[in-house]
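K.L.:
Each chain, written out:
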Amino acid sequence: MESYQIETKNLNVYYHKNHVLKNIDIKIPAKQLTAVIGPSGCGKTTLLKSFNRLLEIQEEIKIEGQILVDGENILDRKESEIPDIRKKMGLLSQKPYPLPMSIRDNVAYGLRIHSNKNKDEIEKTVENCLQEVGLWNEIKDRLNDPASRLSVGQQQRLCLARAIAVQPEVILCDEPTSALDPIAAQQIEKLLLKLKKDFTVILVTHTLRQAKRVADYVIFLYFGRVAEQGPAVEFFNNPKSPETKAYLAGEIS
Amino acid sequence: MNTRKLRDIIGTNLMRIATLFISLLFFLILVLLIYRSTLVLETHSITDVLFSSIWNPDNGQFGLSAVIIDTILVTGIALLVAIPISLLSAIYIVEYAPLRLRRTIRPFIDVLAGVPSVVYGLCAFLFLAPFVKDFVAPWFGVQSTGLCIFSAAIILSIMVFPIIISLCIESFDAIPISLKEASLSIGATKWETIKKVIFRAAAPSVIAAILLGFGRAFGETIAVNMVIGGTIRIPSTIFNPGETLASLIASKYGELMSIPLHESALMLVALILFIVVLLFYFLGFLLLRRAKKRWNY
Amino acid sequence: MNKRTIEENIFKILMIISLCIVLGSLVLIFGLVIVNGASSLTLEMITQTPALTPVGSTPGGGILNAIVGSLLLALPATGFASLIGISIALFLQTDFLRPAVSNAIRFMLDVLWGIPSIIYGIFCLMIMIYIGMSSSLIVGMIALTMLEIPIITRCMDESIKMVPIGLREGSYSLGSTKFETAVRVVRRQAFPGILAGILLGLGRGIGDAASILFTAGFSDHIPTSIFDSTAALPTMIYNLYSTPLGQSKAFAAAFILLAIVLVISVLSRLLTRRFKKHIIK
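Going down the list, the protein sequences come from chains X, A and Y.
Using the working numbering, the letters of the first sequence map in sequence onto residues 1 to 253.
Using the working numbering, the letters of the second sequence map in sequence onto residues 1 to 297.
Using the working numbering, the letters of the third sequence map in sequence onto residues 1 to 281.
Calculated from the structure, these hints are not laboratory results.
Remember, predicted model here, so these are calculated numbers, not experimental data.
Mixed in with the good hints there might be a few duds.
No farther apart than 30 angstroms at their CA atoms in a straight line, the calculated lysine-lysine pairs in the DSSO-like style are these [what the hints assert, rightly or not]:
#	chain 1	residue 1	chain 2	residue 2
1	A	Lys190	A	Lys252
2	A	Lys196	X	Lys119
3	X	Lys87	X	Lys117
4	X	Lys87	X	Lys31
5	X	Lys95	A	Lys5
6	X	Lys140	X	Lys212
7	X	Lys22	A	Lys292
8	Y	Lys3	X	Lys117
9	A	Lys5	X	Lys88
10	X	Lys117	A	Lys196
11	Y	Lys3	A	Lys292
12	Y	Lys178	A	Lys5
13	X	Lys62	X	Lys140
Label-pair restraints from in silico Cβ distances [what the hints assert, rightly or not]:
#	chain 1	residue 1	chain 2	residue 2	range
14	A	Leu288	X	Asn237	55 to 61 angstroms
15	X	Ala30	Y	Thr5	51 to 57 angstroms
16	X	Trp136	Y	Arg188	50 to 56 angstroms
17	X	Pro182	Y	Pro99	54 to 60 angstroms
18	Y	Leu267	A	Ile234	26 to 32 angstroms
19	A	Asp58	Y	Glu44	31 to 37 angstroms
A virtual CB, placed ideally from N, CA and C, is assigned to each residue, including glycine.
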């Protein structure tokens with residue numbers, strides 16, 4: 001029986017009085033890759049950012065309902081505990097945003113905030129993370145260079161290394177390959193497939209083909225509502241809702 | 001030639017002339033100041049002028065060291081007070097203040113920036129100076145008339161607040177929200193994000209803002225002139241009266257205008273002001289360019 | 001409560017204190033001027049010029065000479081500076097010069113903005129003496145114009161810079177010359193920013209004392225020709241602030257100056273907001 005890492009119950013999100021997410025009830029299985037798909041502007045990113053309570057840094061956001069992570073409603077927690085919630089979830093954005101520091105400091109950023117490791121342990125962890133994302137050999141003698149000097153594809157892998165350095169349980173990916181060239185995009189996809197063995201990966205994507213390639217579980221959002229959700233095999237071969245059928249047939253995009 | 005082409009040529013040339021005019025003005029001012037300073041430099045070496053503290057034009061002595069020391073004190077104290085207060089205010093306004101508060105504060109800051117120097121000087125003379133005389137100086141065990149270096153520094157810092165604050169707000173606002181999200185999503189607190197990420201990303205602009213504030217403080221003539229006391233002597237405390245390079249020109253120009261040698265000395269002071277501002281702006285320009293290359297935000 | 005939260009809370013308190021200091025000083029200054037100025041602001045004060053009074057008694061009359069003088073100095077100066085400024089700003093932006101040259105000119109403008117205004121006074125004074133004129137309205141006007149040009153130009157420059165390059169390219173591809181693009185497309189898009197720059201220059205020009213101290217002279221009368229000396233609000237404050245008997249006039253003048261600054265600030269916001277409707281994002 002699968003265990004569900006994240007569940008939402010009756011989640012409603014309002015942005016400037018627009019009802020962006022409507023009565024969302026979903027379950028995200030642990031240690032699998034869940035793809036969140038749907039036409040642009042349907043609230044996929046909003047849903048993703050509600051999981052690590054990153055929505056709240058914007059003004060005029062109202063969130064109702066429950067978001068259960070490992071059985072606990074994170075919306076109940078106090079503001080001072082939010083950084084710890086966020087530590088559990090890594091975020092990979094659409095455009096890579098390396099922090100304005102050296103490559104090493106980027107990866108070590110989270111380590112220095114959260115753990116008490118000494119300098120050598122941090123060095124080791126940085127190396128491990130960079131190895132995990134396949135960057136180590138490319139930059140091992142450039143660790144002190146500013147991260148902005150890397151190529152876009154390398155920056156994105158760096159952001160991934162930065163995210164896994166603090167040992168999250170979940171990795172949230174917001175269309176992480178849309179700004180990358182096909183080769184770099186492929187590298188990221190391969191990495192996500194590798195990482196899903198140790199982390200729960202939630203991937204927002206607007207390309208059906210990408211979802212078909214990597215997803216174990218699919219959630220289809222249509223204009224703020226969950227049109228369908230389920231294991232990928234069933235979703236792609238046996239769609240149940242009419243919107244899903246239309247989307248898969250390419251009638252809506 | 002049809003009218004369209006004619007209009008085009010005239011218009012373009014008018015623009016060209018205007019631009020030429022302003023470029024010439026820059027060099028004309030510089031050249032004039034240099035030219036007029038040479039008279040005093042023929043008979044007094046530059047080291048004498050800069051390092052002697054005796055200012056007695058009738059005796060041919062033009063020592064500026066007391067004035068220079070006063071300028072450094074006034075500008076230094078003003079910036080020491082203004083920089084932390086301005087930075088903290090700016091951070092609060094951008095990151096912590098509720099939206100409505102933020103919207104109402106911005107216009108206040110702009111208004112503060114528009115208040116003329118004379119008005120600051122007037123308020124300082126009639127209220128800050130007595131306050132310093134009756135409360136602040138005695139607290140330090142010093143007797144003072146209130147017209148002193150300290151008063152000038154305080155009123156200057158108030159004048160510098162809006163400059164640094166509004167520039168900092170602009171640069172903090174310009175940082176992409178996704179950068180903040182990147183830091184927060186690793187579990188950093190808002191303050192840690194500000195310290196480690198926002199400041200770094202905005203650092204070049206913050207430094208430029210500080211340099212601009214320095215320029216204002218260094219060159220402020222009128223307000224300082226009204227409260228600094230006008231004495232040219234090396235101060236023993238900051239509650240002594242003094243004179244800065246800028247306020248000196250305003251104080252002495254009337255009396256010295258008629259004698260070429262004396263006037264030349266003041267031209268030298270004006271030249272020093274021009275060059276210092278020029279150097280600091282150049283420094284800022286270099287810093288900004290280098291920082292943009294390194295971090296490209 | 002761990003160490004990180006404690007640190008954040010300490011700094012939050014410091015931030016609020018800092019903000020209070022800043023706002024407090026603003027309130028203090030305005031309060032002082034309003035309280036002291038309002039009491040001196042009689043009808044007599046603003047409609048009369050200073051009266052001749054026996055030495056030792058409170059000077060009578062008003063500050064009309066300064067009010068009119070300030071307007072006569074600053075308004076034409078701002079007008080000229082704006083015309084020159086928009087020409088320079090458009091020229092810099094519309095691809096006439098190599099970028100290196102344009103940036104050098106921008107740098108010079110920044111320096112000219114940053115130097116103490118008394119240098120403009122000295123410069124104009126030198127020329128004035130050389131030509132053989134005496135301090136008068138026209139010399140003061142010229143000094144103010146020079147003072148305002150860098151301010152207005154750079155503000156306009158910055159707002160024109162924000163015009164998306166696609167707009168300009170679109171105009172060129174329709175066959176417009178550079179000049180026409182400058183005047184038709186760029187100017188309209190940047191209009192709110194241009195207006196804001198002009199108002200900023202005006203505010204600075206009306207309030208500046210150092211540049212007109214030696215160039216505009218001083219007078220108890222309203223100037224009748226541009227070769228007359230004239231009083232102005234800032235110079236009046238500067239001349240009267242230390243004399244106990246003159247302080248009521250000084251505060252009245254300060255009150256009017258602050259009112260002008262406020263009006264300019266409010267006007268600037270209103271106009272910017274109103275014209276922002278027409279621009280394309």
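K.L.:
Provide an ascending list of the numbers of those earlier hints which the structure does not satisfy.
P.N.:
1, 5, 6, 7, 9, 11, 13, 15, 17, 18, 19
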